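Asks: Sequence:
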Amino acid sequence: MPRAIRSLTATGIAGIVLAGSAVAPAAASPALDGWGRPSISDVTSPAEARRVDRVPTPKLDWYACYDYAECATVRLPLDYDKPKGATTEVAVLRVKARDQKHRIGSLFLNPGGPGGSGTGIALAAPYFLGADLLDRFDIVGVDPRGVAASDNVKCFTSVKDQTRAYAGLNVAFPWTKAEENAFITSSKAVGRACSTTGRPLTGAASTAEVARDMDVLRRAVGDKKLTYLGFSYGTALGQYYANMFPDRFRALVVDGVLNPNAWVGQGKARDQLQETRLRSADGAYRALHEILVRCARAGAEKCALASGDPVAAYETVAQRLRRKPVVIDDPDLGRFTVSYADFVGATLGSLYDPSGWQSIMDLTGQLLVLTDPGAATTARAQARTAVAQRAAKARQQRGYDFPYDNGLETFLTVDCTDAYHPRDAAAWPALAAQEDRRAPYFGRAWAWGTAPCARNTWTVRDEDAWTGPFDRRTAAPVLVVGNYWDPATNYQGAVGSAALLPNSRLLSSDSWGHTAYGTSACVTGAVDAYLLTGAPPARGTVCTGDEQPFVEAPEGVRATASKSALARAGRPGRGEPKRLPPVVAPLPVVGTLTVR
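For the sequence shown, the positions run 20 to 615 when this note's numbering is used.
Don't read these hints as lab results, they were simulated from the structure. Remember, predicted model here, so these are calculated numbers, not experimental data. There could be a bad hint or two in this list.
Claimed, not checked - No farther apart than 27 Å at their CA atoms in a straight line, the calculated lysine-lysine pairs in the DSS-like style are these:
id	residue 1	residue 2
1	K115	K78
2	K343	K196
3	K196	K120
4	K243	K78
5	K412	K597
As the list claims (entries may be wrong) - The following label-pair restraints were derived from C-beta to C-beta distances:
id	residue 1	residue 2	range
6	D290	C84	32 to 38 Å
7	T204	F421	21 to 27 Å
8	V312	K243	49 to 55 Å
9	A584	K243	32 to 38 Å
10	V576	D348	29 to 35 Å
11	Q285	P65	20 to 26 Å
12	D80	K179	34 to 40 Å
Idealized CB from N, CA, C, for every residue including glycine.
Hey, can you work out the whole structure from these sequences and the hints?
Replies: Here is the structure:
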């Protein structure tokens, strides 16, 4: 580990500045890039400057909310080309710096999605951000237009109509021909509804519009330049901002990175599935395979599947479930089914957590017994009970009530409008099967999520969406954080994004789960130091995750993103153990076990 990173735990943030040549000086002069070299940065284009700068700086009328935060709402132009035209309401929340005397400014957070609540992650910040960041920054979260406490995207006039349209989407992903047909029918219904009833907001909520909102709100909180930390899809938002406003930020971190060219689809790639470009399934398969290999290496004492071949055991369960789902009769849940898609969806959901490997091993072992007609009666009973307990937990996490849930619609509003997708939803079965051949198990899971974006049915566009370039030379360095075993944002996305941005630094980590901040003291310390000082970590720095499969370690727990739950708990005291950030993955459906 480089000397500068090692020094973090022993000497605090000051140690990284005094660590000599391992880290470049903080970017004190605008004439220098992140490594102290003379640089001429790109500047905000006249067109983008005109769009945002002619909007008067909003006055944020803060009021106390959620026990330890402040809230405000602001109306911003629906179309920045018409600053005096229609508006949309955007919600903002901040947790004020604990040391106001030495406050640096505001740190904007985004949890991903698209569709994740920025106000939720800001309220959760005291649970997962480093102490120095909480001391020196007001933590600011913005609910992107269309999302959560902001004016909502709504593609249907009633929950009844929405429920009927969604009927075919109630699977982790379609596997049978009947499921595929139902999924296509529902995808078309959703695409048409969002292109008609969902307007005008569905045509004015692209990532570029949210970046413009963020620049106006940067002024509103009194910051001359933006400081930003974005996770998962929030890395797309960060890169859009960096390229649209390359001279308007002091520090910008993207963690769990989507390559923006792959996200959008450039040139001939416009007719490809977005998954073909992003390769999320490749990252998920690579992580699963590595866990199974390490299981064998760990031995049967630490991993029960190691009594045989773990790779073969997982494939055996998959093959058996493809042929015939498991049907379980439970006195509390009644009769429910575990399908092949449920198994893969549960696996993918577990891969998002650094300690999720244990859940994958347990479920694989349980289903190996339940799909074996010759298994002992006692073993079958134990496995059936364990799977039923998982299903009961999944059922408790599913919400059934009358308020309109627009989570899927916010995801699609951004993805379908930002990016290019194949023309006809009927093409998805063949294209998804191709993805599965390249990345077993997970290719279909990732491919089907964008079926409502087919261009024949999702016809609404944002004429002011940004499609690049994404290779601007920024005035301040961008810190790009990639996790080797990320199952949602393939590590190669971080590598590609760092290669695009001339003034960027790649920080890699041998970590597990989705995103790296909080999974590794090394990553967390390096990110905190950069946000505080502007100095990126040494070139080529590779961190190691604190949790590794089949090695005893404290289980990582994500901070809740529920504002009501956080308000009940209250702000954590100094010295309380940190949790993982409540990131929102770029996938509409990630199941634990579907109970049908």
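Asks: Are the hints correct? Go through all of them and say.
Replies: Each hint, compared with the structure:
1. K115 x K78: Given that 27 Å is the threshold and the Cα spacing comes to 17 Å, the pair holds.
2. K343 x K196: 15 Å, holds
3. K196 x K120: 63 Å, violated
4. K243 x K78: 16 Å, holds
5. K412 x K597: Satisfied, since the Cα-Cα distance of roughly 25 Å is no more than 27 Å.
6. D290 x C84: 32 to 38 Å: 46 Å, violated
7. T204 x F421: 21 to 27 Å: 25 Å, holds
8. V312 x K243: 49 to 55 Å: Given range 49 to 55 Å: holds, Cβ gap about 50 Å.
9. A584 x K243: 32 to 38 Å: Since A584 and K243 have Cβ atoms about 35 Å apart, the given range 32 to 38 Å holds.
10. V576 x D348: 29 to 35 Å: With a Cβ separation near 33 Å, V576 and D348 satisfy 29 to 35 Å, so the hint holds.
11. Q285 x P65: 20 to 26 Å: The hinted range 20 to 26 Å holds for Q285 and P65, with Cβ atoms some 24 Å apart.
12. D80 x K179: 34 to 40 Å: 37 Å, holds
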